[in-house]
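Sequence order for the protein chains is X and E.
Taking our numbering, the leading residue of the first sequence gets 1, the next gets one more, and so forth.
Taking our numbering, the leading residue of the second sequence gets 1, the next gets one more, and so forth.
Keep in mind the hints are simulated off the structure, nothing from the lab.
Take the hints with a grain of salt, since some may be wrong.
Chain X regions said to be covered by chain E (calculated; three or more residues, Cβ under 8 Å) [unchecked claim]:
id, segment
1, 51 to 60
2, 129 to 139
3, 259 to 273
Just so it is clear, CB atoms sit at the ideal spot from N, CA and C, and this is done for glycine as well.
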Amino acid sequence: MFNKKPNRLRKAYAIRRLIHFVYVLPGVAILLLFFVTPLAHTLKNSFHPFSRTRGVDASVLILDHYIKMLTDPYYLNILIRTLRISLIVTLICVVVGYAIGYYLANSSRRVQSIFILTYLTPWFVSIIVKAFGWTLLLAPHGYANKIILWTGIVKSPLPLMWSELGIVIGLVHGFLIFAILAIFTCLVGQDPALRSAAANLGASEWQTFRKVTLPLSLPGVLVGSVIVFTLSMSAFVTPTVLGGRRFPMMSNLAYNQSVVMLNWPLGGAIAIVLMLLTVAVVLGYQRLIVMGKWKVVFQ
Amino acid sequence: MKAASVQRALGVFNMLVVLFIAAPLLFVVAVAFTPTERLALPPGGQLSLRWFEALIHNQGFVKAFIRSCYLAVSAASISTTIGVLGAFGIVRHKFKYRNILETLFISPLTIPAAVLGLALLQFFLFLGWYDRFVSMLAAHVVVTIPYVIRVVGGSLQGVDEQYELAAQNLGATWFQVLSRVTVPLIRTAILAGFLFAFLISFDNVTVSMFVAGMNTETLPIRMFNHVQDINDPLIAAVSTALILLAVGAVVVFEQLLGLQKLFRPTE
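One chain only, chain X, in its complex shape:
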């Protein structure tokens, strides 16, 4: 049927296709020049040796920086800390986000809009403002510690800031909204008839939740956790301000090695490892959608 299209129409379609192709070109050009090329350049540089006196030697290719990154306890520690913090933050965000998402999905539309907007507003606030706000609360003489000391539970200020705890608090604050939104959209889209059907068939409320609502909301949980995890992995400002010098994460390490120490190859290698980890998580999640035991849920 399609090849019987009148000639004129076929020509019009061909022109349209050409125009659409032209439309994409400026974006492709900019991204090739200022996104793909810089990344390729960094990747290439990460295989070159570096010495303090002679700088980067572009004539030799080595794997030393990657080996150092993955065997030297100092670097390995930072990698493990980054993974640990990201996992903890993801776990907290998903559990808290589920509770909030569940509450909002079962609330009136008015309550839903009020709180979605409330949770969204801090997302539009610069991360530096949020981090600064937390220093007011978490510093040794900050307001959180004042309240804790006043209650008399502890005698000396808690290390809320310049610790991993401070980083976790800051990151949960920043990324909770993504878990809430992902889980809320998933829950609110469920057909209420499913729950009534389960109840009609004699399921208790807890059984209905466990056997119907929860499995059906897993896509939301997964999307939310992937977003929170990858964002936490790449956190930079929050660990700098709330973690201080003693608790760097991968992004801080990449910054210190390249911008401060000027060791571009090693800084690049750290960045590449971080990028590969993040991309692996995203791809793994896409895999999980396509196959695996949750396949049914995602269809």
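Take the given structure of chain X and dock chain E to it, following the hints.
Chain E alone, transformed into the frame defined by chain X:
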């Protein structure tokens, strides 16, 4: 437990989480009105605007603010133009390599900001473009394009292609189709995409931290450096201004798009 009591308990929990989310921002605003020299709550409820006054007279912050505005407007204009065209091409066309294109356009959002910043800085040093406005501009365009693609592409999917085909059939040129049919149909989304790009660029810290030098210091970087060095309520005053900007942005987006509609499946 009955569903109603679960819901009530979750309601209380929700208020506690709201408190957790709002607390640091409320403290920032309160501290900004302190009459004292130190970062502290206004003692005895005495409010003062002295730190806002100090802010207006602080050359460093004013310069950084103007530079940030200039940069964000330029970056948002470029990425909106490129993004609208790109979204149009990706959504309307069934290329063989459409998926690859889509991934390319979105990927600056997926890779860690520090990785992008590091790669760009290294690349700009290599080109001899360090500490130039144009390098900051290029970086911010790359960072903001995915947001424009998302917002405009999403809206474009909801517009029937038949309108464009009809116009073309009636003899409109490709430019007329774009300017008289498609763009008016997705006007709101384009405006929202521009505002989104503006805010993302204006607030960007990580990529800018890598790429910016002395002459290209933006407002967030100025704040970052200030927070690291000096502890005075000046930073709280800037932050309060930025929080107001964020609240304004949410109101505008809500009017333009209906923010919650974005996150609710269509009924």
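Violations among the numbered hints, reported as their numbers in ascending order: 1
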